[in-house]
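Student: Listed below are the residues making up each chain.
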Amino acid sequence: MGASNFVEGVDLAFKVIFGIGIFFLVGITTVMIFFVIRYRKSKHPKAEQIHDNNVLEVTWTLIPLILALLMFYYGYVAFSPMRNAPKDAYEITVIGKMWVWAFEYPGGKQSPDLVVPLNKPVKCNLVSYDVIHSLYIPAFRIKEDVVPGKNNFLWFIPEQLGEYDILCSVYCGLRHSFMEAKVKVVPEAEFNTWLAALPSNSGEPEGLTILKRNACTGCHSLDGSKIVSTSFKGLYGKEEKVITNGTERTVLVDDAYIKTSVYDPNKDVVVGYQKGIMKTYNGIIKEDELPKIIDYLKSLK
Amino acid sequence: MTAENIHHPEPSYLEYRGKYKGLLGWLTTTDHKRIGLMYMYAMMVFFIVGVILGELMRLELFRPGQQFYGPQVYNGLFTLHGIIMIFTVVIPGLAAVFGNFAMPIMIGAKDVAFPRLNLFSWYLFILGAAIALSSQFMGDGPPDTGWTFYAPYSVTTHTNVIAAVLGAFVLGFSSILTGLNFIVTIHRLRAPGMTFFKMPLFPWAVYATAWIQVLATPIVGITLLMIIAERTLRIGFFDPNLGGDPVLYQHLFWIYSHPAVYIMILPAMGVVTEIIPTFSQRRVFGYKAIALSSMAIAFVGYFVWAHHMFTSGMSSTARWIFSLLTFLVAVPSAIKVFNWVTTMYKGSIDVKPPFLYSLGFIFLFMIGGLTGLSLGSLATNIHVHDTAYVVAHFHYIVFGGVGFAFFAALHYWYPKMYGRMYNFKLANIAFVFLFAGFNLLYFPQFIIGLMGMPRRYFDYLPQFTFGMQLSFYGGILLAIGLVLMLYNLFQKNGAKAPANPWGGSTLEWTIPSPPPVENFDVMPEMGPDEEPYDYK
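Chains X and P are the protein sequences, given in the same order. Under the numbering used here, the first residue of the first sequence carries the number 112, and numbering increases by one thereafter. Under the numbering used here, the first residue of the second sequence carries the number -16, and numbering increases by one thereafter.
Rather than coming from a laboratory, the hints here were simulated on the basis of the structure. Mixed in with the good hints, there may be bad ones.
To be verified - The calculated label-pair distances, taken between Cβ atoms and stated as ranges, are:
no.	chain 1	residue 1	chain 2	residue 2	range
1	X	T355	P	R46	35 to 43 Å
2	X	G383	P	R217	57 to 65 Å
3	X	L180	P	K479	53 to 61 Å
4	P	G486	X	L176	43 to 51 Å
5	P	F449	X	S342	46 to 54 Å
6	X	V381	P	A113	30 to 38 Å
7	X	P192	P	G486	44 to 52 Å
8	P	I211	X	E359	26 to 34 Å
9	P	Q446	X	S336	38 to 46 Å
Unchecked claim - List time: in silico BS3-like cross-link candidates among lysine-lysine, alpha-carbon distance up to 27 Å:
no.	chain 1	residue 1	chain 2	residue 2
10	P	K2	X	K157
11	P	K329	X	K154
12	X	K152	P	K93
13	P	K4	X	K152
14	P	K408	X	K154
15	X	K157	P	K181
16	X	K154	P	K271
17	P	K408	X	K157
18	P	K271	X	K157
19	X	K152	P	K2
20	X	K349	X	K412
21	P	K479	X	K152
22	X	K157	P	K329
Values in this document were obtained by computation on a predicted structure and should not be read as measured data. Backbone N, C-alpha and C fix where the C-beta goes; we use that ideal spot for every residue, glycine too.
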């Protein structure tokens, strides 16, 4: 039994296709090497001119055709259920952002890892606000692209307890390869306890919740370390050297600067950092959320 | 066919002096043979750059975590490696080099139909490559989108995407004009009596390729212009923030880029179809089946593009239809392999370097093709889509297939090109390094792909380390093989090559090595009873 309900079908399709493939590879290679040795010039100085044989041509057109249809069939039957999620599946919204996954449970509770109950169908609705990502869980043999503007989904039934890797498989920019998370398959009772304990905004400052929800913390650390961009720690009230339209100047990090940085991030770029990595959050972070972010940043001394 | 062309008073195309001499003589030439060589020299430079970029990536990937440079550099490296290798090496590839050098001679023509247009195509090629490479040095940094330029990332990144895209656009025009030229040449300039079904099979492959170049390339041109319009004029085609659809971009991109794979591989198959009969001294088995399978691949190849998008959120119906069509395109490739191997049956086989490289091609191409089946099948595709498995499959087809066929063609026509032989022993040693290095480099990528290693990863999980290190060592062996092979061919001090060093049956072996400027003294003809590959 595999880690999900799809493992068996997918692995069977692999076995059928690899089996046919290895048979032909070994068979043809052996025949080829045999001919090269058996009919080498020193042993077989005069070639025989053999004429075309239509029966042979038709045979080796039809046999690969039949095998191709067979392989198609195995792939299709294992794939087809992947597109039919049961109506009663437990729905989780998966948000892919450059370069963090977030898993949103009913009631708006978010978790950095995907925790799911054993043997229950789970449907992931895939949402992206920036570029294309792809939710890939190798152990479950499933993957679907997270395309902005599209309502893609994937579903599965986890059939084994344990922790499995989640990866992003569509290239999404600078920290694509760091966009990882875990699936944690737990017994249903444990899942319910975990979900109940998952804080709706975890008692953390509202500003921090907003920052996390928008994956700001994927690039801006909270502890002074450098991930991709400047750390949020001690940022508010600091003087920063920035480049505006190609000229260097010094600005005070205040409410106005933070607003510019959120809505027009490439206008004033701090010296030493690269322009263009951050996108505008216009329409994503609302104006009334800004004061909460600013309050939180002020608290990060 | 006449063999009276051997003793020839005209100077060879290498020595010929027209209006200009030296380098200028080459840069203003309209001789298809010289233009073929000029493509080859340019591509050789790009290829070496591409190989170095690839080795730099393998070096960084030797261990997980950051070793020598950061993720932005890595993302730029795989983008540039892809752009150079795809657009400036394998797409022009065998068609531009050997389609130019050998095809007109093989059909008994003095040149291509439009020699000046042919030179213009070469200049477009150089211009397009120069624009694409300029993206590295101008604007806000090297592009970091991957060679596929997927929207909306390519629309939002501030790196210099436009130059790279514009370069690809210009390169596309070069490809279209070359295709057009070859189609007209094959229709109009065949030797008297040489009907389509008496034409050698390399020209057949070039013919099928040319149709793809003419019909598919404009679509990528339009797509690339749409990206430029979206980035500069903010017209929403692909970016959902502007009301566009990112999946539309993928459709348009792959409608060209999948047939482009056949632009690369068809001439490669064509070359191998020439080499096997020559070194088996036997008529090719299944002439019509091979000729028509080239056309079948070119035709069906148009209808399989969306297998690059099985995880994009397309409807299930679209997914199974494209999966079925993908399996159909596997059949004509299988037919070719069966006919090649049967051509060796009861032949008189002489394993010279071109034949050895062709055997390598058949083996590697089979692995590439057979692993492609699990990418065409839906359930298995979902698991290995966008993983190292795809990287391995693709390189088995494009390097193991197109690359080894290119090396085979080079060793086959080298005596005709330069009028000199080369060192067989060294060519065989180079082959051993190339073959072993290639498999060691790419085979582990199948395994780690199956284990779930995504592609385009700067950093990776610890379980993939062993596979990555094998690949690194493979990369070193491969590089040694390349150096040995190129060193051998650059010598140009071998024995003088006779007109027909291999006992080939096609027309290029009836004229001196190197050929005179206008190829034929006496125009060749084919009688009604003559057949191609007629070994008596």
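Student: Work down the list of hints and note, for each, if the structure agrees.
Tutor: Results of checking the hints against the structure:
1. T355/X x R46/P: 35 to 43 Å: Holds: the Cβ-Cβ distance is about 40 Å, inside 35 to 43 Å.
2. G383/X x R217/P: 57 to 65 Å: violated, 30 Å
3. L180/X x K479/P: 53 to 61 Å: holds, 55 Å
4. G486/P x L176/X: 43 to 51 Å: violated, 36 Å
5. F449/P x S342/X: 46 to 54 Å: Since F449/P and S342/X have Cβ atoms about 36 Å apart, the given range 46 to 54 Å is violated.
6. V381/X x A113/P: 30 to 38 Å: holds, 35 Å
7. P192/X x G486/P: 44 to 52 Å: violated, 58 Å
8. I211/P x E359/X: 26 to 34 Å: holds, 31 Å
9. Q446/P x S336/X: 38 to 46 Å: violated, 27 Å
10. K2/P x K157/X: violated, 49 Å
11. K329/P x K154/X: Roughly 11 Å separates the two Cα atoms, so the pair holds.
12. K152/X x K93/P: violated, 35 Å
13. K4/P x K152/X: violated, 45 Å
14. K408/P x K154/X: Distance of about 21 Å is within 27 Å: holds.
15. K157/X x K181/P: holds, 24 Å
16. K154/X x K271/P: violated, 30 Å
17. K408/P x K157/X: holds, 25 Å
18. K271/P x K157/X: holds, 25 Å
19. K152/X x K2/P: The hint is violated at about 48 Å.
20. K349/X x K412/X: Between K349/X and K412/X the Cα gap is close to 11 Å, so the pair holds against 27 Å.
21. K479/P x K152/X: holds, 24 Å
22. K157/X x K329/P: holds, 9 Å
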